[in-house]
Amino acid sequence: MRRFALAALLLLTGCGGSPAVGTFAADAYPERLSAWGIVWKEDGALELAPQSFVYDLNTALFTDYALKLRTIYIPPDSRASYVDYEAFEFPVGSIVSKTFMYAVDDKGRALLDASWDGNPATLGKTEVIETRLLVRQAEGWDALPYVWRGDDAYLSITGDLMTLPTTTGDLNYLVPSKNECASCHATNHTSGAIQPVGIKARHLHRAHPVTGENQITLWEARGQLTGAPALADISANALWGNAEASLEHRARSYLDINCGHCHNPQGAADTSGLLLDYQVHEPGALGVCKAPIAAGRGSGGFLYSIVPGAADRSILTFRMSTSDPATMMPELGRTLVHEEGLSLLNRWVDSLQGECL
Amino acid sequence: MTIRPYAICIALLAVAGCSEQTPPAASSESAPAEDFTTTLRTALETAKPGDVIDIPEGRYEFKRSLVLKSDGVTIRGQGMDKSVLSFAGQIAGAEGLSVSGSDFLIEDLAIEDTVGDALKVNEGNNIVIRRVRTEWTNGPDVNNGAYGIYPVQTTNVLVEGSIAIAASDAGIYVGQSRDVIVRNNEARDNVAGIEIENTIGADVYENLAENNTGGILVFNMPQIPQRGHSTRVYNNKVIANNTENFAAPGTAVSGVPKGSGIIINSNDRVEIFANEVSDNETANVLISSYFSANYAGQRELAESFDPYPEEIYIYDNTFSGGGNAPGSDYLVQVRDAVYGPEGAFPDIIWDGIVSPEKPVELNVICVQNGEAELLNTGNGFANPSVDMATHDCDVPKLAAIELEAAGAE
Numbered sequence: 001m002r003r004f005a006l007a008a009l010l011l012l013t014g015c016g017g018s019p020a021v022g023t024f025a026a027d028a029y030p031e032r033l034s035a036w037g038i039v040w041k042e043d044g045a046l047e048l049a050p051q052s053f054v055y056d057l058n059t060a061l062f063t064d065y066a067l068k069l070r071t072i073y074i075p076p077d078s079r080a081s082y083v084d085y086e087a088f089e090f091p092v093g094s095i096v097s098k099t100f101m102y103a104v105d106d107k108g109r110a111l112l113d114a115s116w117d118g119n120p121a122t123l124g125k126t127e128v129i130e131t132r133l134l135v136r137q138a139e140g141w142d143a144l145p146y147v148w149r150g151d152d153a154y155l156s157i158t159g160d161l162m163t164l165p166t167t168t169g170d171l172n173y174l175v176p177s178k179n180e181c182a183s184c185h186a187t188n189h190t191s192g193a194i195q196p197v198g199i200k201a202r203h204l205h206r207a208h209p210v211t212g213e214n215q216i217t218l219w220e221a222r223g224q225l226t227g228a229p230a231l232a233d234i235s236a237n238a239l240w241g242n243a244e245a246s247l248e249h250r251a252r253s254y255l256d257i258n259c260g261h262c263h264n265p266q267g268a269a270d271t272s273g274l275l276l277d278y279q280v281h282e283p284g285a286l287g288v289c290k291a292p293i294a295a296g297r298g299s300g301g302f303l304y305s306i307v308p309g310a311a312d313r314s315i316l317t318f319r320m321s322t323s324d325p326a327t328m329m330p331e332l333g334r335t336l337v338h339e340e341g342l343s344l345l346n347r348w349v350d351s352l353q354g355e356c357l
Numbered sequence: 358m359t360i361r362p363y364a365i366c367i368a369l370l371a372v373a374g375c376s377e378q379t380p381p382a383a384s385s386e387s388a389p390a391e392d393f394t395t396t397l398r399t400a401l402e403t404a405k406p407g408d409v410i411d412i413p414e415g416r417y418e419f420k421r422s423l424v425l426k427s428d429g430v431t432i433r434g435q436g437m438d439k440s441v442l443s444f445a446g447q448i449a450g451a452e453g454l455s456v457s458g459s460d461f462l463i464e465d466l467a468i469e470d471t472v473g474d475a476l477k478v479n480e481g482n483n484i485v486i487r488r489v490r491t492e493w494t495n496g497p498d499v500n501n502g503a504y505g506i507y508p509v510q511t512t513n514v515l516v517e518g519s520i521a522i523a524a525s526d527a528g529i530y531v532g533q534s535r536d537v538i539v540r541n542n543e544a545r546d547n548v549a550g551i552e553i554e555n556t557i558g559a560d561v562y563e564n565l566a567e568n569n570t571g572g573i574l575v576f577n578m579p580q581i582p583q584r585g586h587s588t589r590v591y592n593n594k595v596i597a598n599n600t601e602n603f604a605a606p607g608t609a610v611s612g613v614p615k616g617s618g619i620i621i622n623s624n625d626r627v628e629i630f631a632n633e634v635s636d637n638e639t640a641n642v643l644i645s646s647y648f649s650a651n652y653a654g655q656r657e658l659a660e661s662f663d664p665y666p667e668e669i670y671i672y673d674n675t676f677s678g679g680g681n682a683p684g685s686d687y688l689v690q691v692r693d694a695v696y697g698p699e700g701a702f703p704d705i706i707w708d709g710i711v712s713p714e715k716p717v718e719l720n721v722i723c724v725q726n727g728e729a730e731l732l733n734t735g736n737g738f739a740n741p742s743v744d745m746a747t748h749d750c751d752v753p754k755l756a757a758i759e760l761e762a763a764g765a766e
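The listed protein sequences correspond, in order, to chains A and B.
Sequential numbering from 1 applies to the first sequence in this note's numbering.
Sequential numbering from 358 applies to the second sequence in this note's numbering.
Isolated chain B (complex conformation) (with noise of 0.2 Å):
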């Protein structure tokens, strides 16, 4: 290192702004003062609450996450085609936005191209994100990052009007949550598409999940802190979710089977009614314990997860087409078996895994949806059977979500 020990001194006697200083040897990716990328950081990086920071039309380069630590803060773009936020250069950081505070509310912007997640709010009440577009733009590859929209352990949650696009696990996802709705989203070309884990109290109506590997996922993982249950999903559109899974083998939704509308995995107190559900190959409708291969991957288990389905309410949908491809060998062998090669499963199937120590009072699965009929598989794929009888029962309804947040409308 250059050392100039009077030089300085002489700088500082003589300079009043003391602005230049010996050039470092290392180089900076310091931008100009006038470049939004950089006051949008400082932005975030000073904000209280109370802050609304407005990021204005245009295309934004990232390098490295941005990062927003306090509450209160209200993040407002010009539109989800219009404001975008495009971390396709990015070098450092696990997440495009990362957030945790509450009381936050994010809306019309996009966030594109991150290398791991796009926006992950990890903690925090009332939390409002509204019209966010999340894209990886290259379309489903096993590259891109893992969620578009995430918020997890969080209480008041309201993700509408979004759109998620090409996530390599699920588009939205909502993890060890609380009191949530999902309205008015679009999600495609994801593993899945919108996926609700863990999470107590959901919501999830009048969104389009197409050309997903699975379109609605409502799922339990085993030894993570909060299990969920309580979860409607109603009015929503699942169609032809029937692309490739594209996710990296190891995690949950590689499982998935491709042309998966609606799955159930190791969830209770889940209805499904007043949704659209059309052409997704494998079922319109799939339960299953967390034992079931194939379904989403057998692992061991600790002895305190409970892996069963239980109380799910299957009413006044409407299904059309699918069953007739299923997306594993698996589920193949079990179609051909029962209906031939030619023929298609009905609009749900089950696992057929019950948990041994069931009350008998407990209904595992009501259906109460016209036509429509339930496959058993069987335990272990070994009697697969249709016995509607078995699922004409009702499970008490749940009551709507309500939420506090004052972004709600």
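Next up, chain A with everything else stripped away, as it sits in the complex (with noise of 0.2 Å):
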């Protein structure tokens, strides 16, 4: 196998050019990400395969300050399809790219504060972690995680926790594995289904980091993107930061992206009762007056999810203050505290009108 991975690799690059982009039965998937042809390390430097689109997300999911490159590869002559709510659906064959990095300073340190555009081409000094495929087959898609070492990443099913060097001390570094993919992409529970995450129009709905472009006109212009109704109809998420949007429509934004792959009706956390996606929810199942469920200390000691007027008294808050495994949430990919999402939720949660009981 792994012999017949390197000859791949030799064949398909070369040690140097553009490889082809791969396609692997799923009893085959190669060791080495850049058999892939999707992203791989030239002269040191991170390489995307030509035919791929860059994207990015309004708000997206919190990880540890890391900076992150997406990337989708739909295959020649084929494209994707526009869906309303929910993730479009693709081709087989596709191959969806997130790739996390740090910004590290002349000791090779993280820097936690650092912030990027999202144009490869203004990437800095980084340190490469991580690099998640999900790669679609006839089947549905896969999830699968490689773990940077060098200059190339490797396949790590079980993923990782290591140990990171940041300018503020170490950061404990979980890589998930491949059902704590599933933890996440499975957003439909019941059926179990991986599929992307972000990949849906109220996400995508904003400008190109490359070419400042509307990402659907743009995805549509490259003739990869079909369905998809006038921009105008399409609802966008806010950005986190952007002082512009409501209060309101940052923070369910923020949910939306952070907390809805689990806390959906049809997600792992509908045990809860606490529905977070950016769908029409009554108060309660938005968390307002809400009593946990199967909480445990998660409940931080308080009542209701969210109290009108006091985040210092809400659960949902609370357990986003927190980087304790046993009551933070999300319940993975983070062990830092995202102190601005914080704070956004904070004056929210505040900003609520009404009393519980």
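Hints listed in this document are in silico derivations from the structure and should not be mistaken for laboratory results.
Certain hints may be false.
[As the list claims (entries may be wrong)] Quick list of the computed label-pair ranges, beta carbon to beta carbon:
#1 GLY407(B) with ILE234(A): 37 to 47 Å
#2 THR322(A) with VAL689(B): 27 to 37 Å
#3 ASP27(A) with GLY415(B): 39 to 49 Å
#4 ALA207(A) with THR399(B): 39 to 49 Å
#5 ASP324(A) with GLY697(B): 31 to 41 Å
#6 THR167(A) with PRO606(B): 34 to 44 Å
#7 ASP392(B) with ALA207(A): 24 to 34 Å
#8 LYS405(B) with ASN242(A): 26 to 36 Å
#9 GLU601(B) with SER323(A): 20 to 30 Å
#10 THR322(A) with ALA445(B): 14 to 24 Å
[Said to hold, decoys possible] Just a sample of chain B residues kept apart from chain A, beta carbon distances all over 10 Å, derived:
#11 GLU414
#12 GLY415
#13 GLN690
#14 GLU699
#15 LYS715
#16 PRO716
#17 GLU730
Here the structure is a predicted model, which is why all the values come from computation and not from measurement.
Quick reminder that beta carbons are idealized off the backbone N, C-alpha and C, glycines included.
Two chains, each in its own frame: build the complex with the hints.
Written as structure tokens, this is what we have:
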């Protein structure tokens, strides 16, 4: 197996030039990320398949301040189709990649306060940690975690727990296992089918990080998306930091992408009755004056998920404010508190009117 | 980062295996391949229907959750004290073992000291959990994980021969499930020993619930998709559940007074019979609506939620002792007022709250239990009284639960 992968790698890359994009059966996934021809390193720099489409999201999932480079590859002469509210449908052979990295200082320590506009050309000095692939097979999507070691990344079905030096101390960085990928990507927990989380109209409806054009328009112009309605008819989530959007819209956008993959009516966390995806939910389902069901000490000692006007007595903001794995939310994907996101949600909860019994 | 563009090419060409790579800047937990923790994690991650994953005798330490997503998997250890999965050093993940899949069987192992729930099975049909011990080895502590054995939104569930110790919420907790048998288990030193919540059709029998805050709970909670009903609790021993409540404030069970034997809260069609219930110092049996202060914590309600317990049938139990040291100030006041400070509650207490829309012919609580008395503590605890004639009735008996699970014998 390993020898085969190596041969394939040499054949495809010849140690230079663009590799062809690979297709692999589910029982023969390559050990090396480079064999896919989607993301690889050349002269120490990340290279992307020229056919792939770099994209960015409105408010994105928080992952310990990691920078994320997202691409999607759609096989030649085929296209994705637009779907209302849920993830777009993709043709077999499509590959979504998300590469996690940190800007680093001259000692190689990760900088947690770095910002980046999402344009690969402006990416500075970085430590690349992992690349996650979603691969569209005939049976559905597969999720594959690859961990970077040196100049390639290696398939790591079991995930990994790393210690990452940062300018503010060591960080426990969790690379999700294959099944942990499904913990977020099986957005319909009953079917268990893996779906992209971010590739939905409301997340994509924004300026492209390189060209500045609307991403949905651009995708259509490439002939890789069909069925999209007029832009004016597509609702867009807010960027959480966009002060021009309403506080509620920013807060709901934040909850949607950070919580809605489990906290939706079909999600793994429907057991809690707390629904945080961006549909119209009655206030109780959104957490207003809602008692916890099985939160354990995740309640933080508080009675309700959201107490209007009182973020300091609300379970929802409590669980965002802790990094204790037993009590924090989301359960996976961070070991730090997203202080800016927490501040946004605190302000939103504090702005709500009403009172609980 | 150190960049060596040509070194990689040379290495690739020269080294057949390519296994030696530039060392990562970040250090990793990856253990040697022969380490069983890695073997187990890999087996779970790559599991397919029909797989049997054996856990040899030994103690295995994990820093992050184990996750299984495949249907049709059996996990089998060598015994509850022989094959031990320890999460004492856990730093990531909210459970010990997290499972979603049908036709799942786990037996003969222990899961210890998880940061959150020990064994959570979220959605699945035909679930068998047999001779599994979940334990927080430090004993009762608010910082222990919430649930030991925790199937939720499951159907055809068998939990048997298991031991659950020192969960900060419930030792064995079956939530939002259907067709459930919980038998021959032992639950001790938990806040709630065994809890059946929002579940339709459960038989709970031949268990021992001892030294919990509350022994066996049958609850309904509002604002979740399934309302429960139809549970039989019989042939259990529910003894001296007088442990101080150590649940996190805000949780439903944080309102359970210590010294509660069997509690029914907001649930309907519950049969309690042929149990031995003794020395539970608040009361051997408590029945309450969701409104009842200090039974389960009063909260705001969605209008659609039915907070009233109805068609509760209590018969042929053996009660002794208990009721002599109620576990909440309010109940102490009621006890003092009715029975004096040296007195004791009778075996059954009820908050007396009845739906204003209840049909006249619907029985709320029927008791056919010899000399056992029921104290209606009064709506708002205003007029405590015993009136057994009110409860001299019966409720059609529930049929036994029969499971489809292949692993259920």
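These are the hints, each one checked on the structure:
Under the hint 37 to 47 Å, the C-beta atoms of GLY407(B) and ILE234(A), about 45 Å apart, fit the expected range. Taking 27 to 37 Å as the suggested C-beta distance range, the pair THR322(A) and VAL689(B) conforms, at roughly 35 Å. Checked against the hint of 39 to 49 Å, the C-beta distance between ASP27(A) and GLY415(B) comes to roughly 31 Å, which is inconsistent with it. Between ALA207(A) and THR399(B) the beta carbons are some 42 Å apart, a value that agrees with the proposed interval 39 to 49 Å.
As the Cβ distance of ASP324(A) to GLY697(B) is approximately 46 Å, the hint placing it in 31 to 41 Å is violated. Between THR167(A) and PRO606(B), the C-beta spacing of about 37 Å keeps the proposed range 34 to 44 Å intact. Judged by the Cβ atoms, the range 24 to 34 Å given for ASP392(B) and ALA207(A) is violated: they are separated by roughly 48 Å. A C-beta distance of roughly 46 Å is found between LYS405(B) and ASN242(A), which places it outside the suggested range of 26 to 36 Å.
Checked against the hint of 20 to 30 Å, the pair GLU601(B) and SER323(A) passes, with Cβ atoms roughly 29 Å apart. The beta-carbon spacing between THR322(A) and ALA445(B), approximately 20 Å, falls within the hinted interval of 14 to 24 Å. No beta-carbon of chain A comes within 10 Å of the beta-carbon of GLU414(B); the shortest separation is about 23 Å. Its beta-carbon lying about 19 Å from the closest one in chain A, GLY415(B) satisfies the requirement of being farther than 10 Å from that chain.
GLN690(B), annotated as away from the interface, keeps every beta carbon of chain A farther than 10 Å; the closest lies near 23 Å. Residue placement check: GLU699(B) keeps its beta carbon more than 10 Å from all beta carbons of chain A (closest about 35 Å). Every CB of chain A is more than 10 Å from the CB of LYS715(B) (nearest about 23 Å), matching its label as outside the interface. Taking the minimum C-beta to C-beta distance to chain A, about 28 Å, the non-interface status of PRO716(B) holds against the 10 Å cut.
Every beta carbon of chain A lies more than 10 Å from that of GLU730(B), the smallest distance being close to 32 Å; the non-interface claim holds.
Checked against the numbered hints listed earlier, the structure breaks hints 3, 5, 7 and 8; every other hint is satisfied.
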